[in-house]
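Protein sequences, first through last, are from chains D and P.
All letters in the first sequence, in the order written, are residues 589 to 1031 by my numbering.
All letters in the second sequence, in the order written, are residues 431 to 866 by my numbering.
The set of hints was computed from the structure by calculation and includes no laboratory data.
It should be emphasised that the depicted structure is a prediction, and the values quoted were computed from it without experimental measurement.
Note that the Cβ used here is the ideal one computed from N, Cα and C, for glycine as well.
Treat the hints with caution; some may be incorrect.
BS3-like mimics (lysine-lysine), calculated; alpha carbons at most 27 angstroms apart, straight line [claimed, not checked]:
#1 P:LYS528 <-> D:LYS694
#2 D:LYS711 <-> D:LYS660
#3 P:LYS528 <-> D:LYS988
Under 10 angstroms between C-beta atoms, here's a sample of chain D residues computed to sit facing chain P [to be verified]:
#4 LEU619
#5 TYR629
#6 ASP630
#7 GLU684
#8 GLU689
#9 GLU690
#10 ALA691
#11 LYS694
#12 PHE766
#13 LEU821
#14 ARG892
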Amino acid sequence: MADIQKGRLAADRLTDNFTDLHPPMSAHEALVEADRCYFCYDAPCMQACPTGIDIPLFIRQIATENPNGSAKTILEANIMGGMCARVCPTETLCEEVCVREEAEGKPVKIGQLQRYATDHLMKTVSDHPFERAPDTGKRVAVIGAGPAGLSCAHRLSMYGHSVTIFEAREKPGGLNEFGIAAYKSTDGFAAKEVDFILEIGGIEIRYETPLGEAVSLDELTAGYDAVFLGMGLPGVNDLGLDGDDADGCIDAVEYIAELRQTDDLGKLEVGRNVAVIGGGMTAIDIATQIKLLGAENVTIFYRRGQESMNASDYEQEVAQTNGVTIRHWLQPRSLEVSEGAISAITLEYTSGSNGSLKGTGETVTVPADQVFKAIGQSPASLLLEEAGLQLEKGRISVDKNRRTSNPKVWAGGDCVAGGEDLTVVSVEDGKLAAEDIHRALSA
Amino acid sequence: MADISAEFLGIKSPNPFWLASAPPTDKAYNVERAFEAGWGGVVWKTLGEAGPPVVNVNGPRYGAIWGADRRLLGLNNIELITDRDLEINLKEITEVKKRWPDRAMIVSLMVPCEEEPWKKILERVAETGADGVELNFGCPHGMSERGMGSAVGQVPEYIQMVSEWCKLHSDLPVIVKLTPNITDVRYPARAAKAGGADAVSLINTINSIVSIDLDNMAPNPTIDGKGTHGGYCGPAVKPIALNMVGEIARDPETVGMPISGIGGITTWRDAAEYIALGCGNVQVCTAAMTYGFKIVQEMMAGLSNWMDEKGYASIEDFRGMAMPNVTDWQYLNLNYVTKAKINQDLCIKCGRCHIACEDTSHQAITNLVDGKRRFEVIDEECVGCNLCVNVCPVEDCITMEQLHEGVDPRTKQPVDQPYANWTTHPNNPSVKEAAE
Chain D
589 MADIQKGRLA
599 ADRLTDNFTD
609 LHPPMSAHEA
619 LVEADRCYFC
629 YDAPCMQACP
639 TGIDIPLFIR
649 QIATENPNGS
659 AKTILEANIM
669 GGMCARVCPT
679 ETLCEEVCVR
689 EEAEGKPVKI
699 GQLQRYATDH
709 LMKTVSDHPF
719 ERAPDTGKRV
729 AVIGAGPAGL
739 SCAHRLSMYG
749 HSVTIFEARE
759 KPGGLNEFGI
769 AAYKSTDGFA
779 AKEVDFILEI
789 GGIEIRYETP
799 LGEAVSLDEL
809 TAGYDAVFLG
819 MGLPGVNDLG
829 LDGDDADGCI
839 DAVEYIAELR
849 QTDDLGKLEV
859 GRNVAVIGGG
869 MTAIDIATQI
879 KLLGAENVTI
889 FYRRGQESMN
899 ASDYEQEVAQ
909 TNGVTIRHWL
919 QPRSLEVSEG
929 AISAITLEYT
939 SGSNGSLKGT
949 GETVTVPADQ
959 VFKAIGQSPA
969 SLLLEEAGLQ
979 LEKGRISVDK
989 NRRTSNPKVW
999 AGGDCVAGGE
1009 DLTVVSVEDG
1019 KLAAEDIHRA
1029 LSA
Chain P
431 MADISAEFLG
441 IKSPNPFWLA
451 SAPPTDKAYN
461 VERAFEAGWG
471 GVVWKTLGEA
481 GPPVVNVNGP
491 RYGAIWGADR
501 RLLGLNNIEL
511 ITDRDLEINL
521 KEITEVKKRW
531 PDRAMIVSLM
541 VPCEEEPWKK
551 ILERVAETGA
561 DGVELNFGCP
571 HGMSERGMGS
581 AVGQVPEYIQ
591 MVSEWCKLHS
601 DLPVIVKLTP
611 NITDVRYPAR
621 AAKAGGADAV
631 SLINTINSIV
641 SIDLDNMAPN
651 PTIDGKGTHG
661 GYCGPAVKPI
671 ALNMVGEIAR
681 DPETVGMPIS
691 GIGGITTWRD
701 AAEYIALGCG
711 NVQVCTAAMT
721 YGFKIVQEMM
731 AGLSNWMDEK
741 GYASIEDFRG
751 MAMPNVTDWQ
761 YLNLNYVTKA
771 KINQDLCIKC
781 GRCHIACEDT
791 SHQAITNLVD
801 GKRRFEVIDE
811 ECVGCNLCVN
821 VCPVEDCITM
831 EQLHEGVDPR
841 TKQPVDQPYA
851 NWTTHPNNPS
861 VKEAAE
């Protein structure tokens, strides 16, 4: 009998467990940290930022007690600077290349400073920091109110174009709202940020209008001057094992969305023994959160070695510090199901080098009340193919300006090929596409 | 172990670190804490004449500027001389000196510029057992408007006159404390010598407005909406003070006159620098007011360690050693050629050397080599100015290296030419004149 319960921890413990991973910096902390920045020439951090934020400048603006000016510097390059400050894997981006990492092994805390500045602006300034240009009369359709779509919409609106966003869900924000680990985006920040972005005006969102169902790409290209696709990855990869549909075998993305939307963490079902399959950020996020919800034994199983994991070292450490075990070189072989529910998972040891991977034949069976699938999400390839777009491994092919094979259609975010599936990359995609759409519409 | 004891005008102290006349030396409580911490001596905060004491403002009296991480770099103040009763001060000076006979006890004085008040106060000081007096001719605010402090220090004739009175009416060693708020500090030093003073101490604080409060639109510190200039001190003033010490130390008219160095001394190294320029001891204030009296322990240990490393057995062993090397620009060797060199192992690639050189100087540092971020000196362009060294955040990463042989890639001139300076340079018009 699977040991699954709700409310394994008392309500106050749950609240504690899901507060901010990094509490926001105080003004004093921000000033001390900002003073550490060397204001480098052609700063490596800036080069490493997918959105090219002028990091030395925004930090200098914090140091000179101009946090709102600092926030504007950030938001000019990245309208989701607030969320990116919370969720960016800075340890593999700006902070990894900070010269103080090279000098002392202690980079300037760029992410936390960015949060300080953007929070300051959102708390103290009521007027939106950017102005919308006079209406151009041009209309652009955007699919998806996630990071890519919102970023694109905001930039287009700044140029005076009118934007209609078609969103499949009942709420905006995309993965910021439904996917990010709860302790990285507390106090409904994702929703607040969307409200902030919409303050620019000229953006309408139509909810529960998924592409391919409520609206077709043909209709959009006919009815609008340009179309931007930022619908993310709607599907989730299956393990391909018998028992995939048994109780307790759970899609991690779906569970996290439920976790993010619930008003009572005590209502979530939590197993005693939990297995997580995968090696990316989703695996880390689900493992850490299920542990924080009170699961007793949580193990991530990854089929390759530690060096191949997509999750950064830092993220792995967060999971491990919270009591999650990470085991490498093990791939799922079969699910044990009793009375319609998962009871254990059998994994096969693997070995491999230079990308090839093979099972050794040796297996191990571990008890599992819940098995979370976190082995990646899949694009809406069929839909996209039918729409006549050129694809690459099932994702949309785009050029450097994020233009697709259809001259009226641009795309960005997780649904395009070659990206890194990061919020900050999606924001940049949306921005670049908007710039190119603007050029096309102004021509 | 090096002997760091100092003797100044015959006044012995276990180390050369005295506390300058200032708030830290205003009363027995502070001074005894200082002696307990290890300070070698104090100059008691300036006494005025008998009668109702001066009054201070009741609002803020200090302002500051800060470096990174709010490190205090410069402090200014609008405090006056002691606002305690003269009799209490004299009584405490007597008691403290009795309890701490091995520490130097100097009394700072400022009375109206007439012979009688000076005679009177000197008689009272003599009764305390103090080791000497320091004449406060430097205080730039409040007292100067009453014809005292820097109002005296800015008029060499007055300095000479008061010095003469003091030597006439007291057997105690007389130190004249000089104001930097003057065009040429050598004149007041010469006047002090002419008046028979035994030594000079410098610098007193510099006239300053430390900042403007942009909300109140008034200088800081702001008293009820107004501010005034105050005396500036702390690490920021050390370069100004060192230059003034150097000017007096090498002035033929005052050469050999004992100097007590003051101005921004914060570490043992600062102190050693003043002593290397010829000072017999140093006086400290801002560092103590920033960190407390304990910092003297770093100063003592640091000076002693350095002296051991260098093989100096006593302060006198290195005192004044840098003085002969202070010269005028015209005597600098124009045939001495250096180039900056960047240690690539230490370089953290911040690029500040590049942008400083590229934007503001000689375009002599790369930012890319073979398409990679790399900072290297271009010897053909480098004039050896040292700006890159100064802006580099890593100590010893960029060094200035002398060229010993071959030609300077910039000037194409051989670098092994003998010493030659401006006085003999062909471009110097006065040389041409002399030749004719």
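Answer holds if the nearest beta-carbon of chain P is closer than 10 angstroms to that of D:LEU821; otherwise answer violated.
violated, 35 angstroms
Holds or violated: D:TYR629 as interface residue toward chain P, Cβ cutoff 10 angstroms?
At 3 angstroms from the nearest chain P Cβ, D:TYR629 passes the 10 angstroms test, so the hint holds.
Proposed interface contact between D:GLU684 and chain P, which counts if any beta carbon pair is under 10 angstroms:
violated, 13 angstroms
Proposed interface contact between D:ASP630 and chain P, which counts if any beta carbon pair is under 10 angstroms
Since the shortest Cβ distance to chain P is 6 angstroms, the answer is holds.
Return the status of the interface hint for D:LYS694: holds when the least beta-carbon distance to chain P is below 10 angstroms, violated otherwise.
Nearest chain P Cβ about 12 angstroms off; hint violated.
D:ALA691 was flagged as interface toward chain P. Is the shortest Cβ-Cβ separation under 10 angstroms?
holds, 4 angstroms
Going by Cβ atoms only, is D:LEU619 closer than 10 angstroms to chain P?
holds, 7 angstroms
Evaluation of the interface hint that places D:PHE766 against chain P, nearest CB under 10 angstroms
violated, 39 angstroms
Could you check if D:GLU690 really has its C-beta closer than 10 angstroms to a C-beta on chain P?
OK, holds: D:GLU690 within 10 angstroms of chain P, min 4 angstroms.
Hint check: P:LYS528 vs D:LYS988, CA-CA at most 27 angstroms. Holds or violated?
violated, 84 angstroms
Using the nearest Cβ pair, does D:ARG892 come within less than 10 angstroms of chain P?
violated, 31 angstroms
Per-residue hint verdict: D:GLU689, partner chain P, C-beta under 10 angstroms:
holds, 9 angstroms
In this structure, the earlier hints numbered 1, 3, 7, 11, 12, 13, 14 are contradicted, and the remaining ones agree with it.
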